[in-house]
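Order-wise, the sequence lines are chains A and B.
If you count the first sequence from 1, position 72 lands on 248 in our numbering, and the numbers rise without skipping.
If you count the second sequence from 1, position 60 lands on 292 in our numbering, and the numbers rise without skipping.
In case anyone wonders, no lab produced these hints; they're calculated from the structure.
Please note: incorrect hints may appear among the correct ones.
Taking lysine to any residue pairs in the SDA-like style, the calculated list, with each CA pair at most 20 angstroms apart, reads [said to hold, decoys possible]:
| hint | chain 1 | residue 1 | chain 2 | residue 2 |
| --- | --- | --- | --- | --- |
| 1 | B | LYS384 | B | GLN396 |
| 2 | B | LYS384 | B | GLY394 |
| 3 | B | LYS384 | B | ALA333 |
| 4 | B | LYS384 | A | GLN391 |
| 5 | B | LYS384 | A | SER382 |
| 6 | B | LYS384 | A | ALA384 |
| 7 | B | LYS384 | A | ASP395 |
| 8 | B | LYS384 | A | ARG383 |
| 9 | B | LYS469 | B | ALA333 |
| 10 | B | LYS384 | B | ARG410 |
| 11 | B | LYS469 | B | THR255 |
| 12 | B | LYS469 | B | PRO336 |
What follows is each chain in one-letter form.
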Amino acid sequence: MSLAHDAQLAVGRATKAQRPARTWPEINNPTAWAVAAILLVMPLIASGFFLIEIFATTLILGTMALSLMFLAGYGGMVSLMQLTIAGFSAYMVAVFGVSGNANISLGWPWWLAVPMALALATAFGTLGGALAVRTEGIYTIMITLAIGAAFYYFTNQNWAIFNGHTGINNVATPHFWGVNWRADIPFYYVVLAVAALCYFAVEYLSRAPFGLALQGVRDNPRRMAALGFNVNAHRVAAYAFASFVAALAGVLQVWNYRQISPGSVSVGACIDVLIIAVVGGITRPIGPFIGALIFVLLRTFALDFLVRLGLDGNRFRLLIGVGFLAIVFWSSDGVIGLWQRWRQHQRREVSHSGGGRGHG
Amino acid sequence: MDSVAQRLSAVGAGAALELRGVTRLFGALAALTDVTITVRPGERRAVLGSNGAGKTTLFNCITGDFPPSSGTIRFFGEDVTHFPPYERIRRGLRRTYQISALFPGLTVQDNVYLACRGVSRGRFSFLRPGQNDALMHAADNLVQAVHLSAVKDQRVSELAHGQQRQLEIALALAGAPRFVLFDEPAAGLSPTERAELIEILTSLPAHIGYIIIEHDMDVALRVVESVTMMHNGRIFKEGLPQEIQSDPEVQELYLGGGHE
C-alpha cells in the first residue's frame, strides 16, 4: 500500500459521497419501467400466437444471443457455439427426461433432468471455451464454428443417443402444483422470468470484479497479465458463465417446441445467433433481445409480406441479410447504437436550437 | 522442497532482482546477450542505451511477457524464470509500458480499481464492490496521487496523452509494489508534466526500488542512484550517474556515434 497510503489526504470523504451507487442497476429509467410493465401484462393484450410464437421465442433466442453478447461485448470473444451449447442442453433434457422415444429417454423427472442438462451443457461449453481461449479473433470464430458444425453432423449420424436426423419428439414438459407449465400463459411467464434473470445477472456482473476484469481482458490482455490476472482462466470462466446462460435458453427451447432435432443445431442457426446479437448491439445486454425481436418479426411476417409483393416468401433471409449489412455498415454497435445516437442528437437539438449536424 | 543449494543462494543473494546470463533470441537475432544484473531492494537505477539496445526486451524478460531463451531471473531470492507474468506481479513486481497499455473502454476509476483487484483476492468475484469497499478507497487514493481525480469517471479513450501516462504509472503502483520497471514514463510529456513525474518518482517510499528506461537524461539522472548502459543487447557499462555522464565511451556512443 505505497502511494495509496503515503500520498493523501482528505479525498476519500468527498469522492465517496458523489459516487453513484454501484450496487444495483439504475432504477430511474422510465423506458425500462414501461417495457417491464408491458412484458408483465402481455398475456392480457396478446393472443396465444403472439405470446408464444413472437414474444416467448424472442426471449429464448434473446437469451442465447445474450450469452454471445456477454462473451463478445465484455470479453472480446466471438463464440459461434452458443446455439450448440443451448442445443446440447435441449438434447440432454430430452435424453434424461421423458419423451416419445422411450428406448432413448431415461425417463427422469424434469427436476432431475434439467439440472443434469444444465451441468452437462455448462461443462461442454467450458471445455469448448478452454480450447478456444488459446486463440484470438478469427481463430476463435473458426474453432467455435467447427465445434458447432461437428456437433450438428454428430447428432445427424448418432442414433444411440441423439436419434439421428429424426431427433427426439414429444418431449414432456413440467406439470406440477396443478399447472401445465407449457400452457401458453404459464410458459410465457417461465420464459420471461428466466430471460429477466439472465439479463439482470449479466447487467449486474458487468460492474462486478469478474465482469470488469473481463472487459479489461477484452481491451488489453497483456496488461491484465501485468496487473496480476490469469487472463486465460478469466476467459474460461467467462465461457462457463455464458454456457450456463445458453443452457438455460436450451431448456426453454426444447420445452417450447417439445422436440429437438439436428435442424435446430445447424450451422445456419449458429450464425443466426451471431446476427441477432450484432443487429441488436453487443455493447449492452438489452441489445440481443432487440435483435431477437427484429429477427423473429422478420422471420414470421416477411414471408407474407414478400408473397404479397409477388416475391418468393422464402427470401425472408434476404431481408435479414440486407438489414444485417446495413447495421454493420452504419452502426457497429447495432440498433441500440443507432438509438443512442438518435437520443444524443435530440438532446443536442434541444440544447442548441441551432443545428446538431453530427450524424452516423 | 528446495534443494540446499537453492535455499543457500536465496539467503545469500538479498537482491531485489538478480539476472544471471539472460539471453533472449528472436529467431537468429539476439535481442539480449548474457545480461547479468543485480539490483538491491530499494535501489533506483536507470537503463540507458540507444534504440535497439535491448532495454524494453530486458523488461519483457523480467516480467515474463517474453521468457528468456536462457539464463535465470530471481526476484527477492525466488527463481521466477519460468513463472507466468501474473505470478511475478502478485509477488510485488510491477511495470509500465512505453506505449500506454490501458483499458480504453473503461473509466479511469475502473482502470485503477482493476489494478488494485489484480494483486489482491477476489479477482473472480461476482459481487459488486459496496460503498465501503477497501479496494475502491485504495483506487480513489491512487487516482488522487497521480492528479487524475477530476477525470476519474471519464473513459480512458477520452484522456489527453499526459493523463494517460499518469494513469499508466498509477496502474503500476497498485497494491504493495516491491519493485517497479518504468519504461520511458516521460515519453511525450510537457515540461510541467515531467516535473510532476519527477515528483511522483522521488516521493515513492524508500523500500520501493525501480529501474527506469529514459532517454531524457535530465529526468533519468535526477531520480536514480545508479546507471546501467546497454548497447547491442549487452551491458556496456555500470556506475554512478556522474561517472556514466562523464565517461568518454558513453559520450561517444550516446552523443557522437548515436543513432538518434
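Each hint, compared with the structure:
For the hint pairing LYS384(B) with GLN396(B), the CA-to-CA distance comes to about 12 angstroms; that is within 20 angstroms, so the pair holds. Taking the CA atoms of LYS384(B) and GLY394(B), the gap is near 14 angstroms; set against the 20 angstroms cutoff, the hint holds. Between LYS384(B) and ALA333(B) the CA atoms are separated by roughly 17 angstroms; this keeps the pair inside 20 angstroms, and the hint holds. Simply put, LYS384(B) and GLN391(A) have alpha-carbon atoms about 17 angstroms apart, close enough for the 20 angstroms limit, and the pair holds.
For the given pair, LYS384(B) sits about 18 angstroms from SER382(A) by alpha-carbon distance, which is consistent with the 20 angstroms threshold. Taking the CA atoms of LYS384(B) and ALA384(A), the gap is near 18 angstroms; set against the 20 angstroms cutoff, the hint holds. Note on LYS384(B) and ASP395(A): the hinted pairing holds, with a Cα-Cα distance of about 18 angstroms set against a maximum of 20 angstroms. The hinted pair formed by LYS384(B) and ARG383(A) meets the criterion: a straight-line CA distance of about 16 angstroms does not exceed 20 angstroms.
Note on LYS469(B) and ALA333(B): the hinted pairing is violated, with a Cα-Cα distance of about 30 angstroms set against a maximum of 20 angstroms. For the hint pairing LYS384(B) with ARG410(B), the CA-to-CA distance comes to about 26 angstroms; that exceeds 20 angstroms, so the pair is violated. Restraint check: the Cα-Cα separation between LYS469(B) and THR255(B) comes to about 17 angstroms, which is no more than 20 angstroms; the hinted pair holds. Taking the CA atoms of LYS469(B) and PRO336(B), the gap is near 39 angstroms; set against the 20 angstroms cutoff, the hint is violated.
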